[in-house]
Amino acid sequence: MNSKTAFYIVKRLALALLTVWVVITVTFFVMHAVPGGPFLSEKAISETAMKALEAKYGMDKPLHVQYFTYLKDIVTKFDFGPSLKQRGRTVIDIISDGMKTSVKLGLVAAFIALVSGVVLGAIAALRRNKIIDKIIMVLTTAFVSMPSFIMGVLLLILFVIQLKWLPGNGNAKGGLLLPIITLSLYPMAYITRLTRSSMLDVLGQDYIRTAKAKGVSKWKIIFGHAMKNSLIPVITYFGPMLAYIVTGSIVVEQIFAVPGIGRQFVSSIINRDYPMIMGTTIVLAILIVVMNLVSDILYKVVDPRIKLD
Amino acid sequence: MKKFVALFLALAMMLTLFAACGKKDDGGKDVDKPSGEVSAEQINVCIASEPDTIDPALNSAVDGATLIAHLFSGLAKWEQDDSGKLEIVADAATELTEGVENEDGTVTYTYTLRDGLTWSDGQPLTANDFIFAWNRAASQELGADYGYMFEVVDGYAAMQEEGATDAKLNATAVDDKTIEVTLTTAVPYWNELLAFPTYFPVREDVVENEAWATDPATYVSNGPYKLAAWEHNSLITLEKNDSYYDADAITMKKINFYLSDDANNMLANFKNGDWQLIDDVPTNEIASLKEEYPDEFKITGQLGTYYVCWNINEDILPEGSDLSGVEAEAAREEIRNAISLLFDRNYIVNDVAQGGQVPASSFVAMGLTDADGSTEFYQNAGHNDAFDGYYDVSQDALQSNYDSAVETLKKYYKFEDGKFTDFPTLTYLYNTSEGHKAIGEYLQSALANIGINMTLENQEWNTFLNTRKEGNYSIARNGWLADYNDPISFLDMWTTASGNNDVQFGKGDNATMAHYSLDLTAQGYEDVKVENGTWAETYDVLINKIKTCTDDTVRYELMHIAEDMLMSTGCLCPLYYYTDLFMISSSVNGYFSNPLGYKYFMYTTISE
Numbered sequence: 001m002n003s004k005t006a007f008y009i010v011k012r013l014a015l016a017l018l019t020v021w022v023v024i025t026v027t028f029f030v031m032h033a034v035p036g037g038p039f040l041s042e043k044a045i046s047e048t049a050m051k052a053l054e055a056k057y058g059m060d061k062p063l064h065v066q067y068f069t070y071l072k073d074i075v076t077k078f079d080f081g082p083s084l085k086q087r088g089r090t091v092i093d094i095i096s097d098g099m100k101t102s103v104k105l106g107l108v109a110a111f112i113a114l115v116s117g118v119v120l121g122a123i124a125a126l127r128r129n130k131i132i133d134k135i136i137m138v139l140t141t142a143f144v145s146m147p148s149f150i151m152g153v154l155l156l157i158l159f160v161i162q163l164k165w166l167p168g169n170g171n172a173k174g175g176l177l178l179p180i181i182t183l184s185l186y187p188m189a190y191i192t193r194l195t196r197s198s199m200l201d202v203l204g205q206d207y208i209r210t211a212k213a214k215g216v217s218k219w220k221i222i223f224g225h226a227m228k229n230s231l232i233p234v235i236t237y238f239g240p241m242l243a244y245i246v247t248g249s250i251v252v253e254q255i256f257a258v259p260g261i262g263r264q265f266v267s268s269i270i271n272r273d274y275p276m277i278m279g280t281t282i283v284l285a286i287l288i289v290v291m292n293l294v295s296d297i298l299y300k301v302v303d304p305r306i307k308l309d
Numbered sequence: 001m002k003k004f005v006a007l008f009l010a011l012a013m014m015l016t017l018f019a020a021c022g023k024k025d026d027g028g029k030d031v032d033k034p035s036g037e038v039s040a041e042q043i044n045v046c047i048a049s050e051p052d053t054i055d056p057a058l059n060s061a062v063d064g065a066t067l068i069a070h071l072f073s074g075l076a077k078w079e080q081d082d083s084g085k086l087e088i089v090a091d092a093a094t095e096l097t098e099g100v101e102n103e104d105g106t107v108t109y110t111y112t113l114r115d116g117l118t119w120s121d122g123q124p125l126t127a128n129d130f131i132f133a134w135n136r137a138a139s140q141e142l143g144a145d146y147g148y149m150f151e152v153v154d155g156y157a158a159m160q161e162e163g164a165t166d167a168k169l170n171a172t173a174v175d176d177k178t179i180e181v182t183l184t185t186a187v188p189y190w191n192e193l194l195a196f197p198t199y200f201p202v203r204e205d206v207v208e209n210e211a212w213a214t215d216p217a218t219y220v221s222n223g224p225y226k227l228a229a230w231e232h233n234s235l236i237t238l239e240k241n242d243s244y245y246d247a248d249a250i251t252m253k254k255i256n257f258y259l260s261d262d263a264n265n266m267l268a269n270f271k272n273g274d275w276q277l278i279d280d281v282p283t284n285e286i287a288s289l290k291e292e293y294p295d296e297f298k299i300t301g302q303l304g305t306y307y308v309c310w311n312i313n314e315d316i317l318p319e320g321s322d323l324s325g326v327e328a329e330a331a332r333e334e335i336r337n338a339i340s341l342l343f344d345r346n347y348i349v350n351d352v353a354q355g356g357q358v359p360a361s362s363f364v365a366m367g368l369t370d371a372d373g374s375t376e377f378y379q380n381a382g383h384n385d386a387f388d389g390y391y392d393v394s395q396d397a398l399q400s401n402y403d404s405a406v407e408t409l410k411k412y413y414k415f416e417d418g419k420f421t422d423f424p425t426l427t428y429l430y431n432t433s434e435g436h437k438a439i440g441e442y443l444q445s446a447l448a449n450i451g452i453n454m455t456l457e458n459q460e461w462n463t464f465l466n467t468r469k470e471g472n473y474s475i476a477r478n479g480w481l482a483d484y485n486d487p488i489s490f491l492d493m494w495t496t497a498s499g500n501n502d503v504q505f506g507k508g509d510n511a512t513m514a515h516y517s518l519d520l521t522a523q524g525y526e527d528v529k530v531e532n533g534t535w536a537e538t539y540d541v542l543i544n545k546i547k548t549c550t551d552d553t554v555r556y557e558l559m560h561i562a563e564d565m566l567m568s569t570g571c572l573c574p575l576y577y578y579t580d581l582f583m584i585s586s587s588v589n590g591y592f593s594n595p596l597g598y599k600y601f602m603y604t605t606i607s608e
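Protein chains in written order, with the working numbering: chain A, 1 to 309; chain B, 1 to 608.
The hints are simulated quantities; they were obtained by calculation from the structure and are not laboratory data.
Treat the hints with caution; some may be incorrect.
Cross-link-like lysine-lysine pairs, in silico, BS3-like; alpha carbons within 30 angstroms at most [said to hold, decoys possible]:
#1 A:K164 x B:K290
#2 B:K298 x B:K254
#3 B:K271 x A:K164
#4 B:K547 x B:K529
#5 B:K507 x A:K51
#6 A:K173 x B:K240
What follows is a list of derived Cβ distance ranges for each label pair [unchecked claim]:
#7 B:T251 x A:P35: 40 to 50 angstroms
#8 A:L163 x B:D417: 51 to 61 angstroms
#9 A:D73 x B:D82: 51 to 61 angstroms
Cβ coordinates follow ideal geometry from the N, Cα and C atoms, glycine included.
Throw the hints in and build the complete structure from the sequences for me.
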């Protein structure tokens, strides 16, 4: 790694920090501007109890004081505070519980999307305009144009309600299968299409013709020359794909009752569980920022022609 | 060659897919997940998603209460006798004693704990644990939703004063096995309170750890079950506590509470036999489930009312009306009451809500009993013999209700071609939900029939709660479930200072409205005779009298007067009494639930 790359990474990290800080600040003030509060319920508690609770969680102080206290706790102690709804549990504790499931879900979905997308794309390119190419293209068009909440519900109706093959509950054995498929279909279809077009592009390049003319075997051309170069666009998609999976999991976890961070995010907003809202938002923001950074760096590793600046 | 390549690639893809699936299953193995395993030793149920808390003092939800009722043992508990009748019996106490009235009118109860009671970690349970738990639950510092459940105990009021940190409830541990507690007055539902989770004991050294109730390792209880495992958002497992004094009577060894609030998901698991009880079903499936599962689809009563509430300060008189002050309020009362007559409650329950609900004609719900302990309170409400409650909600009365409503409204509004032309546009506020929306749409169409425009506005739950509490609405959806079988739990929420006073009685313009009258001389209160007083001078006084009244007959009379006052304002328009819908497998025997909706699985057995 040369100094230029190192400088680039440092610069990007600084930018990432700035992004996270902006996210924290905006979320904090928007969240408090939304009507309602964590201690409201159908059965109201008394004024004195409300005041005692607000004092206990420091919510009786002016908003800007709360904001700086919050920032200070995160920076100096990495303390995200207690959950206001699940009393007795800390935000870190709840989030790490959810992350266990979400990471498993996300990684498996990403892996499936990547592998099957590249393979299907390559098949489609090699069998261009043949029946298998057409089938793949029709299916991927359908998957790319269908949002995950429609796909999820469709799969739920088909495999859980009608066929009864799989559980509709993310906790049950095999329960993560449907959410994984739901999450992976869109990026898989996208990667298939990317791979297909870039593979076709590469196969038409002069150096491939040269290789062919030199009598290099077909296998060597595909795996040695074509595949590696046609993967560059796929790697650029790596970051957006993980972002899609992270945000998609918010909806998908809700549909399949998967106890992950996406579901915690939604319920924390409904409950106005302020520290939980902040905690989940920060974690999701960091995930997306880091994933984008990693994919940009990978981009350079795969294609040395690309300059980082 | 090309074919071979394609085949190879396809094979590679299949293999990775399998590898991925295999990996996932490995992940599932690290915890014992009994879903699908049906045996006579355990029952799989789903009553709700992750409970907010299972700390007995902090819990205010029905699902949490169900868990706590299995994990803890208070002085009293709910049980079903051989004939299927529910009763409250002594649990940790040897017997539920009668109170002894003191000279100052307070009442003292003395309880003796059973011999050899222990906590789930083996330590002995003492009377002090109860005293500590009660003071903790009632304290300002804890700020529990249900802290007010101790308001009947002497000393509670002093504890709620600002800065009162040393105040304690008038309850003491005479020795390790004797509890003495003094109530401000005789309370007919006292035994029921003793069976309420907020009154269950906790141990001081256990709850010192604020996170004690979130982890099986730190969760120490004293009931028929122990918290064996808690996978957050996924599964809570209870295992029988062999050191519980009545362990021999507990038939179910293990209860798995699956945590989900997705009705479709619940139904799928019930249908494939994985779960034996689910506490929710998708609304659009209710009709077909009733047919498909006649023995397993259950509807039971609940102590609650679904109603529409008006903001009392919302002016609904036509523009240019010359009425003002008390006269205007009297007119608005008449108008609101007339509008209550326009709705077909049978249509709402049969065609819109479809959950076996019962059309409501009173605010105090069906299921709450009157002074004699057997007749329903609502049957004696409304002072008429022809029907129960304040209006006739039968199908036959629909036309006459409609006619009388239109006649009343004609007094205040212009009526042309069967429509009122100068009724101001109303806005109906509800929290986002298909069910509430459907009911809102029906109400809208019923009003549109006579020319009244009502627009629908929905808000997300927490925003809605805030808007309604602040009184920033004209009409809103509302609902109330009682905490115990006593009408006061429906009535004391409407005092001026109550946090649940969504109607805004005695607030804003209504604070100075000298329009209400109260005469309790016939009930023996010579000093209570108010004519044209404010809400605070009448209703608040009345509730106070009810709370201090020791004669049951008089007390119930007073409660009827209170409901009369509420209903005469027209601000509460009851639509139906709540029911609890659930599905239970026919292989389960010995299950019961109490009127508050707590479900009891300890005495169940499963026939295979």
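We went through each hint and held it up to the structure:
no. : hint                                : result
1   : A:K164 x B:K290                     : holds (21 angstroms)
2   : B:K298 x B:K254                     : holds (23 angstroms)
3   : B:K271 x A:K164                     : holds (9 angstroms)
4   : B:K547 x B:K529                     : holds (18 angstroms)
5   : B:K507 x A:K51                      : holds (21 angstroms)
6   : A:K173 x B:K240                     : holds (25 angstroms)
7   : B:T251 x A:P35: 40 to 50 angstroms  : holds (49 angstroms)
8   : A:L163 x B:D417: 51 to 61 angstroms : holds (56 angstroms)
9   : A:D73 x B:D82: 51 to 61 angstroms   : holds (58 angstroms)
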